[in-house]
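Asks: Listed here are the chains, written in short residue letters.
8 protein chains.
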Amino acid sequence: MNAKSLRELFESVREGRVSADEAVARLRHLPFEDLGFAKVDHHRALRQGMPEVIFSEGKSPAQVAGIFSRLAAHGGNILATRATEAQYHAVSAQFPKVEYRPLARAITLQRDRKRHGKGIIAVISAGTSDIPVAEEAVVTAELMGNRVRHLYDVGVAGIHRLLAHRSVLAEARVIIVCAGMEGALPSVVGGLVGVPVIAVPTSVGYGAAFEGLAALLGMLNSCASNVSVVNIDNGFGAAYVASLINRR
Amino acid sequence: MNAKSLRELFESVREGRVSADEAVARLRHLPFEDLGFAKVDHHRALRQGMPEVIFSEGKSPAQVAGIFSRLAAHGGNILATRATEAQYHAVSAQFPKVEYRPLARAITLQRDRKRHGKGIIAVISAGTSDIPVAEEAVVTAELMGNRVRHLYDVGVAGIHRLLAHRSVLAEARVIIVCAGMEGALPSVVGGLVGVPVIAVPTSVGYGAAFEGLAALLGMLNSCASNVSVVNIDNGFGAAYVASLINRR
Amino acid sequence: MNAKSLRELFESVREGRVSADEAVARLRHLPFEDLGFAKVDHHRALRQGMPEVIFSEGKSPAQVAGIFSRLAAHGGNILATRATEAQYHAVSAQFPKVEYRPLARAITLQRDRKRHGKGIIAVISAGTSDIPVAEEAVVTAELMGNRVRHLYDVGVAGIHRLLAHRSVLAEARVIIVCAGMEGALPSVVGGLVGVPVIAVPTSVGYGAAFEGLAALLGMLNSCASNVSVVNIDNGFGAAYVASLINRR
Amino acid sequence: MNAKSLRELFESVREGRVSADEAVARLRHLPFEDLGFAKVDHHRALRQGMPEVIFSEGKSPAQVAGIFSRLAAHGGNILATRATEAQYHAVSAQFPKVEYRPLARAITLQRDRKRHGKGIIAVISAGTSDIPVAEEAVVTAELMGNRVRHLYDVGVAGIHRLLAHRSVLAEARVIIVCAGMEGALPSVVGGLVGVPVIAVPTSVGYGAAFEGLAALLGMLNSCASNVSVVNIDNGFGAAYVASLINRR
Amino acid sequence: MNAKSLRELFESVREGRVSADEAVARLRHLPFEDLGFAKVDHHRALRQGMPEVIFSEGKSPAQVAGIFSRLAAHGGNILATRATEAQYHAVSAQFPKVEYRPLARAITLQRDRKRHGKGIIAVISAGTSDIPVAEEAVVTAELMGNRVRHLYDVGVAGIHRLLAHRSVLAEARVIIVCAGMEGALPSVVGGLVGVPVIAVPTSVGYGAAFEGLAALLGMLNSCASNVSVVNIDNGFGAAYVASLINRR
Amino acid sequence: MNAKSLRELFESVREGRVSADEAVARLRHLPFEDLGFAKVDHHRALRQGMPEVIFSEGKSPAQVAGIFSRLAAHGGNILATRATEAQYHAVSAQFPKVEYRPLARAITLQRDRKRHGKGIIAVISAGTSDIPVAEEAVVTAELMGNRVRHLYDVGVAGIHRLLAHRSVLAEARVIIVCAGMEGALPSVVGGLVGVPVIAVPTSVGYGAAFEGLAALLGMLNSCASNVSVVNIDNGFGAAYVASLINRR
Amino acid sequence: MNAKSLRELFESVREGRVSADEAVARLRHLPFEDLGFAKVDHHRALRQGMPEVIFSEGKSPAQVAGIFSRLAAHGGNILATRATEAQYHAVSAQFPKVEYRPLARAITLQRDRKRHGKGIIAVISAGTSDIPVAEEAVVTAELMGNRVRHLYDVGVAGIHRLLAHRSVLAEARVIIVCAGMEGALPSVVGGLVGVPVIAVPTSVGYGAAFEGLAALLGMLNSCASNVSVVNIDNGFGAAYVASLINRR
Amino acid sequence: MNAKSLRELFESVREGRVSADEAVARLRHLPFEDLGFAKVDHHRALRQGMPEVIFSEGKSPAQVAGIFSRLAAHGGNILATRATEAQYHAVSAQFPKVEYRPLARAITLQRDRKRHGKGIIAVISAGTSDIPVAEEAVVTAELMGNRVRHLYDVGVAGIHRLLAHRSVLAEARVIIVCAGMEGALPSVVGGLVGVPVIAVPTSVGYGAAFEGLAALLGMLNSCASNVSVVNIDNGFGAAYVASLINRR
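Protein chains in written order, with the numbering used here: chain P, 1 to 248; chain C, 249 to 496; chain E, 497 to 744; chain D, 745 to 992; chain B, 993 to 1240; chain A, 1241 to 1488; chain L, 1489 to 1736; chain R, 1737 to 1984.
Calculated from the structure, these hints are not laboratory results. Warning: the hint list may mix true and false statements.
Taking beta-carbon pairs under 8 angstroms as the criterion, some of the chain P residues facing chain C (in silico) [said to hold, decoys possible]: (1) A62; (2) G205; (3) L220.
Lysine-lysine pairs mimicking DSS-like chemistry, simulated, CA-CA at most 27 angstroms apart [as the list claims (entries may be wrong)]: (4) C:K307 <-> A:K1337; (5) C:K362 <-> C:K345; (6) C:K307 <-> D:K858; (7) R:K1795 <-> A:K1299; (8) D:K841 <-> D:K858; (9) P:K59 <-> L:K1606; (10) C:K362 <-> E:K593; (11) E:K593 <-> E:K610; (12) L:K1547 <-> B:K1051.
Where a beta carbon is used, it is the ideal one built from N, C-alpha and C, also for glycine.
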């Protein structure tokens, strides 16, 4: 262990077996991580309450269960995104307390239920097909200790539905907006509020939607200045960013 | 001339110099256009009131003036789009009655002032930078004999500005919506009205706007079903389509 | 209910229990939709005869049947696009009167047979592979109360076939043109007629067709000014726009 | 004025000149904005301290000066981005107190010097060519009332330079990272901190950088979960989002 | 029938029942195709020996057999490209003389064995994976009455293999070159010969081959001036063009 | 010279100064080209009458004149494409017989006026803006010894204009079709004739024309099987291929 | 055999049966490869120890076994990449000594175990999903006679993990870096070492990763000058290049 | 200074003023770079002989001169790439010994003339327009202490020219190949040699060359396994990689 080897170096110096000059030289050849980890741990603390995460797509149920098991050893919450029911069953065989959230395609193990976020995170989606991405954001934000409100199916072609729920927008400290097709909703929402909006393009649509590219480009060009963007279908990432903001 | 040669054929038949069978055979070898033009003329009539148009970009003032001069011989309105002031001066030297519309970058000669459109065409634009494209649509629609109303700077990030002018939307028979950046405005407008919306993506924006591509893709993926789209910056084309609809 | 709460507010004013000033203040805090819906209903009227629509792709038969059932409660026509036969059977178990149009991949329930359109909508397609998209347009237009004529397999490489049926073009008030590959047909048709042409690029083709991108770009750059464009394979959207035009 | 017309309606009801039923009906036809503006103003407040902004690119010096003048009437800070020196001179002729920040290509008028942000915003850039974008972020953040620290030329190919300044990262509440070429810096920074990172791709680079596309895609695919992205070269937008977060 | 109606018109003229002037007018309203088909037939002749073609991909065995059956009624050769063995069995049940060429994925019925081409068409392919496309070209060219030589697996990374067979190149009147990946072979071949080279990009490759896009762009930018290009994987089209050239 | 060195080797063998074995060994070390050139010269012959060509874009007048001068030493025709008038003046100072063809932007020196082509090459263009590309094809084909007919401004939106000149199409042995925007003309022409069609996409257009990409994709996806394609704006290449075909 | 026929030619000359002139003429008609192969063999030698390679994707087990069998006749190592277990079983039925490396999806037959490389090749990957590509590189490099060290899961968002293993980097003569998503790892590694880095973008990621395009562009724009790039997922190619370097 | 502060820490330990435990703790808070720089210096040594480099594009002559001046303080060679003559004059005013290499657009100051490379680097280019990129590679490689041979204008459409110079290829230890348009040359060269080939796509070409994209994709898909690729027009990067290889 490396705190140990460092200590031994200092002991040697203290005992006069190693000169200061030689100690400096030796130190430079000690493996880097021995020193670095301390600092890394610093911001580990900042991440307190952040769940361990498994991206389940393309993994076998056994693989997901295996990784889950390893992460579970550390304590804290665990989240497996893009998970199938088969993967869930493999995990729940070992961890009966895990839950499966089918809409979000997520397996969750919530052991830390502390509230880390100061306010409410609103999750809004444009169409019913965007709900899986929105739900991934909801589940992630909840597991990170936030109060979450959602508002679904409030696309821009029926602007009155969104306006009718402006109170939800008004009470949020951060807002996540998921939209496919033309991806216009974040701009409209951004214009209605004075808080940060995290836009999530979804791969919903066909033809010239180009698997989410149209929505992505739309959001990057938002005329609302309070909008920033994450990857297509990345509900998890949006919730992660929103959680960090909500802890400020 | 070809009505003449046709006539001669019939005369020959009438006079017995050519049998019916041979006439049929000969007819098949007559040049195509002799017959075809008639039908073409049919829908010429439908186009009555449509101006002759010059796309001025990349042409010298002399070239624009030359084409203008040729078209002016036929009567009717003339419209030169994407025109510079220099091109205007070259034209106005010959045609003192032409006007220059600087916002629309258009030279116009309006000789037919008949109202062809049944109702109002509304032209809406998202930002001030979209105005040149919107104005091209306005001028075109006017020259085609339509009443036009415009509504500028009503982008989706300030949705209340648009909503405040819903009466303009309500009274239009067709709506043209010009927007750059994320191109979201046609969807919102489309959701508020029950009339056809012609969406014009503009090349306004920078970076991931990719010269209008973002807006174009957004509009093609509009979640409002009453939206159809024309080429980037094609204010003229939008007004042309809108005029045809307004004459129905 | 909200007309009720509004009424109560006025009653309170009338009875002197609430001052005019206070009423103004309270009104501002009433939920938005209470007021907004009224206006929305206005253009609902404009949409009279427009069917309720389900995009069936990616939904289970049970889900389609469920949504169908909910929409059926409102009266009017119902259209499920991109529907499989399995989805049809799930729906027809509850609604024996629904029809399945296999070419169009559509489930229809036609309860309103009123003619809303003033003239004929022509639906034209370039190749036999474009027929499913064209048929989606036909079915949609019929359900919206239009007389529809179709003309299939009249691609530009055999221009005489198209020209041979110019009478169909001549009698249409609006024309929908579906084409994949190079997407050239709308330009040719647009040049032959004086009415609005709605172009639908299809994903038919291979290689550099790039799933409809070639046709889409071709149509957006049409040299015929009366052409506007909808999304790739969006037969429904084209018919929706055409229906609105045909009601003008 | 519209509070007035509302008031008159209530007075009429109170005086019995208008029945409650009729009042409800009339209300529905009142212009929308009369009611809506109130709510809009709500979040105006939230935006307190946000500067008015002019995007100067493509505008003449006279146009920039004109818009500046109009905005200056409202009080508060004013920021003109992408401004040339010529535009600055046109503005400073009227507003001698404006400053020109050449690195940031920004004209600023700072009348509100209140500190709105709770902590420090760090602005980091990868190469010297990214500095104009980074400086735009710095100036914007300052004008929005934040303390700002910057760290330039700490690209990923010399990772020790970044690591040597980890203290700057450690003390920030939000971090803006500007990078062109491969756009890798946000991922590295994101991995070192536990706070939100706003990534700004820049158009720096050549060849396969494709005007910032490479950096943009890189950032959207960041393996660090605390990264969200704004448009290429959008230093202003990044600072706007960061300021909102820093006020939380 | 229309030759009939034309004849009747001439008879009427001959008999004096219709004046020449009126006949001209009536003629203009005769359906177009009556006259047009004659001319179409002209170049039919030019196409003599060209097979009827079915693009089988995405069609059921029954559909392919149905179309085959219809085309077989006209005489001449028939070619079904992109055909599966199942489709072949469906066809051969009705037409025992059809052959299946598995490498080319083609069903052929060769009834016209006349030699139409003047010289040899060489078909060259870069790698073994390009063979299906090359074989489609071979089969097509053979069915169109050409002598065909092929040369496979002579990619540019082993240039000596190509050079070793220069005699094949030397004796060809037209050359078809199929290549995937970087698509460099047509340039090298083009530089070695003085005859037209038809380049066929194939979708062979992975990653940045982007389904044939890399090869396509390479071929369009060939530094050899005698190269023209057809669509990705379009072995049929290349052979069609080559056959026309070989008949000159 | 290398036939000489080869000869010497054989003489040495004949005279017994070099053994057969050693001769084999030496031969293997002779420079490759000594043997290869012979074969190369073969197809030189095939290229007889092909002009030497200079791509003038981006070169100074002096550079063009210099290269011209060097090529002129070999005899035969010389063609400088994409040439400016300034480049022409620099060349004509030395070669008074050169001509400048402004529409084609070409400098030509025609010393060989032999007719090499068997028939007529038709050059067709869709719009007036495509003429420079078409003229480059015309000039190139003429310099290669072909009779050339051109047909301009016969775009697909006015199909009757093309049909009216079908005789031009009918008499051509090869056809070059230049078109920008949607690039549909080659398909229509291809469908009307039974000869090879070389399609040249042009960069004419704006917005979604993407500098000729739309036309290029359209042409690659042509539904007419007799169409092959060259690079955007490559009038020279099209004429080169057409000339080779016309010599068959 | 061709050295033989060359010899015979020289013998004939020596014996006076063939004149020197005729010999020169005959020589020119000898098949090219007779002379060329000698030179080709030269660099064959350079390739000594390079395995014969089969790209197994899309081939049937029987096809892979067949090719394997043919290559095995030449001696040396054989590598089948992108191989399935089924393909392995087909091969091992004939060659019991082959091994299957499931992580690398490779079948190997190692008959030459000579060390050809001078130093160590390090193979580094960013995430666990990149391991198959990295393992392909490992297996390839091993079969080419190199000592290989690997370092997995050292992505840039956890830079300390990479830094902790700098000794692995320090001892390598060439480094292969595999990374998907943003593809930033090669830049960081490149900045830490003074040896050539071969970057392999992987198709790992989703959404805007666009199947490896984001990583590819990132790597091409690396700010570290010692980085060159191979195709997406091309672990084999990277190891091939690295092996050549390691033999220098 | 930081070796100093480290030393002081050890002295304190030695003198008993600080315990070993506390020393460990303190060490962890020392600024990172104090320790890290040492290691960085290690590979500095590896980079011995590598020039300092300035990317001059977009910089004023004064800026280039300023940076040059700063770098010149360190000794060693200096290279300014993409430099204009004006920039050269600004630099040479201060450093009379600098040279300007106009073909390479490079300013060089060569103070270290030691030979670092073991063998020859060959630089090959396809067309005369690729020469600036090739020359940048030549100059860079020379400044890094390599013997360089170049071979220009040996494009794949005249393969005999390349083959005629195979001796140049044969004697190289590393080969750099620059090519625009279809970018096929690296594959051909790669197939002829057994050494690493660094491919540099150039932006030479027009139309579908898309500023070097066609060449880039071609090279990434090279069928020769010994090819790796750098950014478009990146002659410097290619030479840098080649130099590292040549030092192995």
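Asks: Does K1606 of chain L lie within 27 angstroms of K59 of chain P when you go C-alpha to C-alpha?
Replies: 38 angstroms, violated
Asks: Does the nearest C-beta of chain C fall within a distance shorter than 8 angstroms of the C-beta of G205 of chain P?
Replies: 5 angstroms, holds
Asks: Straight-line Cα separation of K593 of chain E and K610 of chain E no greater than 27 angstroms?
Replies: 18 angstroms, holds
Asks: Given L220 of chain P as an interface hint, is the shortest Cβ-Cβ distance to chain C below 8 angstroms?
Replies: 4 angstroms, holds
Asks: Between the alpha carbons of K1795 of chain R and K1299 of chain A, is the straight-line distance 27 angstroms or under?
Replies: 25 angstroms, holds
Asks: Closer than 8 angstroms between Cβ atoms is the bar; does A62 of chain P clear it against chain C? Give me holds or violated.
Replies: Constraint on A62 of chain P not satisfied, violated at 39 angstroms.
Asks: Is K1547 of chain L close enough to K1051 of chain B, meaning Cα to Cα at most 27 angstroms?
Replies: 25 angstroms, holds
Asks: Are the Cα positions of K362 of chain C and K593 of chain E separated by 27 angstroms at most?
Replies: Violated, because 51 angstroms separates the two Cα atoms, which is more than 27 angstroms.
Asks: Holds or violated: K307 of chain C with K1337 of chain A, Cα cutoff 27 angstroms?
Replies: Judged against 27 angstroms, a Cα distance of about 31 angstroms means the pair is violated.
Asks: Are the Cα atoms of K362 of chain C and K345 of chain C separated by 27 angstroms or less?
Replies: 18 angstroms, holds
Asks: Below or equal to 27 angstroms on CA atoms is what counts here, so check K841 of chain D against K858 of chain D.
Replies: Holds, at about 18 angstroms.
Asks: Quick one, are K307 of chain C and K858 of chain D close enough, alpha carbons at most 27 angstroms?
Replies: 55 angstroms, violated
Of the numbered hints listed earlier, those contradicted by the structure are 1, 4, 6, 9, 10.
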